Every structure is written in structure tokens, then in C-alpha cells.
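Number of protein chains: 4
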Amino acid sequence: MAKPVRVTVWNEFRHEKKNKEIAAIYPDGMHAAIASHLNAAGGMKARTATLDEPDHGLTEDVLAGTDVLIWWGHMAHGEVREEIVDRVQSHVIAGMGIILLHSAHFSKIFRRLMGTTCSLKWREVAEKEILWCTKPGHPITEGLPDPIILEHTEMYGEFFDVPEPEETIFISHFAGGEVFRSGCTWRRGAGKVFYFRPGHETYPIFKDPNVLKVIENACRWEAPAGRQDITVSHRGEIGWFEKQK
Amino acid sequence: MAKPVRVTVWNEFRHEKKNKEIAAIYPDGMHAAIASHLNAAGGMKARTATLDEPDHGLTEDVLAGTDVLIWWGHMAHGEVREEIVDRVQSHVIAGMGIILLHSAHFSKIFRRLMGTTCSLKWREVAEKEILWCTKPGHPITEGLPDPIILEHTEMYGEFFDVPEPEETIFISHFAGGEVFRSGCTWRRGAGKVFYFRPGHETYPIFKDPNVLKVIENACRWEAPAGRQDITVSHRGEIGWFEKQK
Amino acid sequence: MAKPVRVTVWNEFRHEKKNKEIAAIYPDGMHAAIASHLNAAGGMKARTATLDEPDHGLTEDVLAGTDVLIWWGHMAHGEVREEIVDRVQSHVIAGMGIILLHSAHFSKIFRRLMGTTCSLKWREVAEKEILWCTKPGHPITEGLPDPIILEHTEMYGEFFDVPEPEETIFISHFAGGEVFRSGCTWRRGAGKVFYFRPGHETYPIFKDPNVLKVIENACRWEAPAGRQDITVSHRGEIGWFEKQK
Amino acid sequence: MAKPVRVTVWNEFRHEKKNKEIAAIYPDGMHAAIASHLNAAGGMKARTATLDEPDHGLTEDVLAGTDVLIWWGHMAHGEVREEIVDRVQSHVIAGMGIILLHSAHFSKIFRRLMGTTCSLKWREVAEKEILWCTKPGHPITEGLPDPIILEHTEMYGEFFDVPEPEETIFISHFAGGEVFRSGCTWRRGAGKVFYFRPGHETYPIFKDPNVLKVIENACRWEAPAGRQDITVSHRGEIGWFEKQK
Chain X
15 MAKPVRVTVW NEFRHEKKNK EIAAIYPDGM HAAIASHLNA AGGMKARTAT
65 LDEPDHGLTE DVLAGTDVLI WWGHMAHGEV REEIVDRVQS HVIAGMGIIL
115 LHSAHFSKIF RRLMGTTCSL KWREVAEKEI LWCTKPGHPI TEGLPDPIIL
165 EHTEMYGEFF DVPEPEETIF ISHFAGGEVF RSGCTWRRGA GKVFYFRPGH
215 ETYPIFKDPN VLKVIENACR WEAPAGRQDI TVSHRGEIGW FEKQK
Chain G
15 MAKPVRVTVW NEFRHEKKNK EIAAIYPDGM HAAIASHLNA AGGMKARTAT
65 LDEPDHGLTE DVLAGTDVLI WWGHMAHGEV REEIVDRVQS HVIAGMGIIL
115 LHSAHFSKIF RRLMGTTCSL KWREVAEKEI LWCTKPGHPI TEGLPDPIIL
165 EHTEMYGEFF DVPEPEETIF ISHFAGGEVF RSGCTWRRGA GKVFYFRPGH
215 ETYPIFKDPN VLKVIENACR WEAPAGRQDI TVSHRGEIGW FEKQK
Chain Y
15 MAKPVRVTVW NEFRHEKKNK EIAAIYPDGM HAAIASHLNA AGGMKARTAT
65 LDEPDHGLTE DVLAGTDVLI WWGHMAHGEV REEIVDRVQS HVIAGMGIIL
115 LHSAHFSKIF RRLMGTTCSL KWREVAEKEI LWCTKPGHPI TEGLPDPIIL
165 EHTEMYGEFF DVPEPEETIF ISHFAGGEVF RSGCTWRRGA GKVFYFRPGH
215 ETYPIFKDPN VLKVIENACR WEAPAGRQDI TVSHRGEIGW FEKQK
Chain A
15 MAKPVRVTVW NEFRHEKKNK EIAAIYPDGM HAAIASHLNA AGGMKARTAT
65 LDEPDHGLTE DVLAGTDVLI WWGHMAHGEV REEIVDRVQS HVIAGMGIIL
115 LHSAHFSKIF RRLMGTTCSL KWREVAEKEI LWCTKPGHPI TEGLPDPIIL
165 EHTEMYGEFF DVPEPEETIF ISHFAGGEVF RSGCTWRRGA GKVFYFRPGH
215 ETYPIFKDPN VLKVIENACR WEAPAGRQDI TVSHRGEIGW FEKQK
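As given, the protein sequences belong to chains X, G, Y and A, one line each in that order. The first sequence finishes on residue 259 if you use the numbering used here, and the numbering steps up by one all the way, no holes. The second sequence finishes on residue 259 if you use the numbering used here, and the numbering steps up by one all the way, no holes. The third sequence finishes on residue 259 if you use the numbering used here, and the numbering steps up by one all the way, no holes. The fourth sequence finishes on residue 259 if you use the numbering used here, and the numbering steps up by one all the way, no holes.
No false leads were mixed into what you were given.
Same chains, same label: a pair holds when it works inside one copy or across any pair of copies.
Here are the simulated BS3-like cross-link-like pairs (lysine-lysine), alpha carbons at most 27 Å apart as the crow flies:
hint	residue 1	residue 2
1	Lys122	Lys59
2	Lys227	Lys257
3	Lys122	Lys227
4	Lys17	Lys59
5	Lys257	Lys221
6	Lys142	Lys221
7	Lys227	Lys17
8	Lys257	Lys142
Keep in mind the hints are simulated off the structure, nothing from the lab. Since the model is a prediction, treat every value here as computed from it, not as a measurement.
Make a model of the complete structure from these sequences and hints.
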């Protein structure tokens, strides 16, 4: 039997504490809602970590035991310590997958991995979003309808300042007239990066079964595979590679 | 002074002959409307070629004197001879640019260059199209507003069965709910390929200044550059490359 | 338990019949050597098909029961019927994986899928090849040394006329001075395409455990996943997608 | 007449001051050698900037007047101030081109733009390098031989920890057995990024006419084009885009 994918769901966990409406939707936080879905999905073992824990809950030990890290942040991006961003980046380079949800587009770790501003346009009028699949045959699309429809969402619009995605999996249509590349992948070192747009704190997006299924699929797809060793600054004498075992 | 870009605008030129409404919009054909814009733009020299000319107007001589070929076809894709498709493909590989407009998504030459079906969804109810720029800094976007708005168009919707674009320059929003990757580029051999979605025969799309500007920009961008020699089946003895001049 | 990946190993199977030296290395053909490895690898079920069988062994039934097709051809590319090339292409678009080995770079199906000439430089002096991994973290690199060394091979050199690979997994160094992108992937429709350079008929390449491991990894990676339906020419009325179940 | 491309050649300019052999090759620094070539090439205006000037010579004014920035650094990467790295990154996002030479692979600005470690293998035994063109038709390859041969260089070997290049233009073969993706491009925001491997401080690489020609071509190719405006955090009310002029 394949080993379960070890997922850590990270949430800044502030909105849920400050806002009663949000707390009503996610009494234990968005991280708990996501982790609960993943633990029920099979083949996965999810735990959580939050901003206010020591080291933001992301110690070396936790990351060493994480195959895929899910990240949700919004109002407290600035409070994430640089040292922890460095640490997460190192683990991605070494093969850990990372999934960035919604407002995590402006997180330090996503901007670090992209090398761009990750800025975009936005609007909150609870408009309708229709996500079209532009990558049939991709594991992330498994078992999903096309399109995926979300009746009420915050709008995100182009230009989304990220490097050209290696794979564009979903493109969103918003009632107000904008479009957005809502599901995109990149590789950094041996690790896979997936940005997924839906996930506002007020609309109950993380209770939508299709949204949860996308996240679940992405966890399976991002589980580390292949060679994980990234040579760092290796000086090779002539013929060094002939002597390897 | 830089040499002018030599453009050949190809049109199957059938709709304009069969349909009075279309003839009223484009009395000399869509190719003439496009060529006329390009000839007025400066730095370019455009001529035309059509399906019913000998060799569809695309003799070796014509192609040898063409830097960028523009292609519009729809009802007569099947009448284009394989031999001419081979010839056009060879010239693209050798460095000639090619621009495919609208219904040319189903042309033999585009399907040949893509290796896929190039199929898509469509609807003709004169709905509104909004093209968003997803590639600022690309020469094709020069001097254009963002978004580009077309009040009445035929809809094209995803999934558009093409290989992952190397550059996605425009994504369209349609009033009816669909999205489409409307401006995409790929390279084949030494030649550049640009697919541009707008361009229906009934709506006067090729009189829209922004649409014409995109085509003009693409012609400048696709003009051949760099080394053009593609080695075909070369057998190299040890050290052959040291003896080159 | 996951369903086994169903692999069909196709070989033109002519060299082995005409040349005693090659027959001595591969008495039942290269396809048999590869299939035998895959059947022993676990989680896979491999069968074979060859040029001289009816429909080249690639009937609709065979392809409908194939998750991944492996292709080896060289001296008889021209004998493969267009109708069978069409059929294989359709299955790739619909999600079947395809692996092209060595001289299959000039097969009709590879050129069809790429849209280019797929030409390259070559030399047969039994020189040494060193394949370097440029994509750690890719499932195809699982369990392999870096570099992979092949003491005696035919050389293939750049420029390799294929579209920019979506992933470049291995780059080869040849003793005579050339380099080559030896392991490359692309998507076509819902199907994955992997070109792998090693595999000459005279050198016993398909007995090398690393070469076989790459092929085995590629079979697992290419097994169909995600949504497989590619819409072909669908006309959508306004709101059609709201009525889907 | 087209406006000249305004180039700023940045050099940390330390090796030349500390080491007599290097000073003998580049009495005014490598930056001066490169700028001198560019100023003689036509259509370009190059100036220089160095680490020990105020703001490392890269004030807002200097960058605002720079179309393409060339970067050479090695022993003093750590002395480049974060604030200046931020400033250069902002200008790249806004459309300024950047060219990174040789040991600049480990510069703060390159690592910032890539989001990876940019590590690699290396060796200094004055071995031979052969650069093969993998992108005919790219403006950077204009007027160059294929291959480009450098008799004595420092070796750089894969794995080169950068994101999958958008274009791989040159791949190097080293006498000792390694390969390297030596000419690669990416976009960040509206700006183009080109990494070019040759350029060691001891070997007189920046006196090689082919190396200089590559740099010159890259300057022309990277000159800003297209729309340059990257929206930052724009909140759009419904219909805002209809009201634009």
C-alpha cells in the first residue's frame, strides 16, 4: 500500500477570531475545515499549523514530516517571519509541494517563489465565478465538472503578475466582466507549486465540494516524487561522476 | 533603414463572394482590408493570395518572398491541397512567421503545426467580448488599451485543444459565460506562430482599429530573426564542427 | 489496489529479422525485451504489437485497452499507414500516453504530434553518452543515478527540431562534442508525450537497467489521469452549462 | 530612426582591483570592456555602474534611464544592499530588461527573480566549452556560428537550480563531461531576463567576439516593448473598464 501523503494546512487564523460571521462559518478555522476534508478523503494524513504558534507552527521537524503544505493568509502577511519563509522555501526546493489559496497570492512565500509582485485586481460584490478547465488530462482535474460554478465570490482579475504558468489548469469568468488564471502550476527546485484562486474567508468556499476536491487532487499530485537531491555548490574534479556508486 | 516586413495575407475568399451582407462589409475581401491597413502602417509591404489562385497563390516564389503569412479560412479548409500545406509548414520551420485568424483554428496548416484537433466551443449571438492582456511587455500589446472591447462577436469557448501556449497574451471574457485564450504564441522550428481569435466574417471585426493594431504588431514581432538554418539529417564525423568557417 | 497500467509496446520489428547481430541481442525483438521488463516491474501489464500484424497490431480495440503506447521504429517509418497514425493521434488526444524511443524521432506519429521536422544530427562510432538530470522532482527520475552513463551509443546532436519541451528531464553529453535534449515531455490534448533518446538497435541499450527504469517510470507517469473528455466542435447555447448535471 | 537602447553595465569591480592578472586583461574593468563593445555596435548607448559608487551606481534616476541592465558579480554578492535589489526588481517588473552574466547566477537579484537557489556544479581547469544553439530563429542567435567554441573556460554543470526556462537558447558541452543550459530566458512582469553563462574573470571571455555579439543581441531583444503598466492592487467597481479612455 502506498504511504499516505502527509499534508500540513497552514492558516494565519485571524479573521476567524476577529469576525463573528466568519467564525460562524468556520468555528475551528478554515484550516480545520480543509484538514477535515483531506483526512476523510483517504490516502492522506492532514494536520494544521497557524501563525500564532511558535515558529508559526512550521518548525524544521514539522516541515521535514510534510509532503505538501497548504497556505492561507490575508491580513497578517507581514507578520510571517523571514526566517520561516526561508525555511519553507528550502523545503519546496528540496521537494515539498506547496498549495497557495486565494489571498495567499500576496503571501511572502508565494512572492518569494515567483520573483514577481503577484498583484491583481479585485472586487467584493458576491458575483458569480465560472471556472473553465484548460488542462484536461491533468490529475488536478480528476472527478470534477467542467465548468465549476461558484455562485458568490470575490472577484480577482488580470493582469495577475506571476511568471507564465507552466500549466494553466483553470481560467475563471466573473459576472462583472473580468477573467483570471485561477489554477496555475510551477516547479521550484524539486517541488511543485499550485496556486488556486477560490477561497474567500466570508463566502463558504471551503465547504464547496468541488473546491475541496481540487485541493485534495492537488495534494496527491504534489506529493514528492523522483530524485529529490538538489546539488548545492558542488565542485567536481574531472571524472568525479565516474566514481559515484 | 530597416527593410520592410513582407507580409502575405491569405484568404479563402468565398464568404465574400457568396453572401451579399459580407460583401457589403468587405467588398474586396477581408484580405484586402487587412493588407490595406498594413500597407498604411509603415515599415511593411503587404500583398494578398487566395484559395482559387493557382497553388492557392502560395507558390515557392511567393513564400520565399514572405516574412509573415496571415491566414483566414472557414468554409473551405478541406479544399486546401496537402502539398501546399507541406510547403507552408516548411517555410514556417525555416523561419517565416504565421498568423492564424479566428476560424483558421480549424485550418489544415494550424492543425499541422499544433499536432492537436484545435477544436473549441462556439456560439453566434453577437455577444460582447472583452479581451484582457495577460502579457504586458510583449511587443504584440504595443499601443493597445487593456481591455480591448468588441461589442458584437461570435463566441469561442474553452477547452481550446492546442498545446500549452508558450505565451498567452490575451484571454477573452464572453457575456454568455465562457472564456477563451484568444492570443497565443508558439515556435515551430525557426518560425513564430500567433493565433488570434477575433475575426468573424459577418461582424466588421477587421475594421476595428485595435484588432488591426494587434495584427500589425504581430507582423513586426514575427519577422524572421536570428539564425534561420535548421539542420536536416546531418551526419557529423568527430570534429566536423571544428572545421566550419 | 490501483489498477495496473496497461502498456502496449510497438516495434516495427524488422532489424531483428534482417540482421543476425541484432537478433542475437534481441532474439524476440526489442519490444519483447521491454515488455518483459515492464511485466516484471509490478503494477503494469504489457503486451506487444508490430508493423506486420493486421492494422500494425493497433486496432481500435487494442488502443482502447492501452493506457500507454511505447513506439520504436527506424527503417520502415514510411510503411506505417496514415489511417493508423490518425487513430493513434486520436487516442493520445483522448488521454493515452505515448513514449517515443530513439529513432522514433522520425516516426510519422511523433512528427504529427510535434508539428515540426524532428530532425537532428547523428553519428555511429560507439561513443560514450552521459545523461544529466535537469528535472529533479519529476517522477520519471525516480530511483535513477545522476548522471546515467552509457558507454557505447549512437550520437544524436542538436539542433533537435521539436517545439520547446514543456519539461526537459535529461540532457546528454557525447564524447565527440555534441549535446542533446534526451528526455523531453509535451502534452497533446489530454495525453502525455515523452521522447527518450537512448535505444539503438545494435548497442544493447534495452538491457541497461537505468534505461529500462526510465521507461518504466514514464509508463507510470503517463497513465491517464484527470478529466479525459475533449469537447469537439460543441455549439453551446447561452446557459447550456448551467443545465449540466 | 529608432531610439538607441540605453544600457547600464554593472560590475562589482573588485577582482580587477585586487588581482594583477585580471587587471592586465581588463585594465578598466569588465564593465568597461562590455560597454565599449556596445557603444561601438550601433543603436545603443551604454554606461557603467559599480558596487562602490553611492547606491551601487543604481539610483532611481539611473534605472529610470536604463532600458537594459547587465549584471556581473562574484566575490561581493553579499555586499549588495537589499534596498537596491528591491529597486532593480521593481524596474524589471516595470519593463526593464536584465542580463545576468556567469557568476551572477548567485547574485541576490537573480535569485530574487528566479525564486530558487540558482546553485550549480563548477570546476576551474581551463577546459573547452562548446555552446550549441537550441533556438534558431531567436533574435539572440543573430549572426552567430553554431556551435560557439571557447577554448578555455571554467566549467558550470547541471543541475542548474532555476525554474524551467521559457526559452533555452544555448546548451554547453564541457570537455570534462558535463553539460549546462548556458543561455536561458524568462519574463518577470513586463521585463525580460536573460542568463548567459560565459564570462569568467580570468579567461578573456569578454574579448571573444561571439560572446560580445550574444550580449549585444540580448540588449536589442530585451529593450522594453508593448504595454508596460503592471496594475498593482487595483480595486475595480463593476464596469470600471468601460469608463477608461
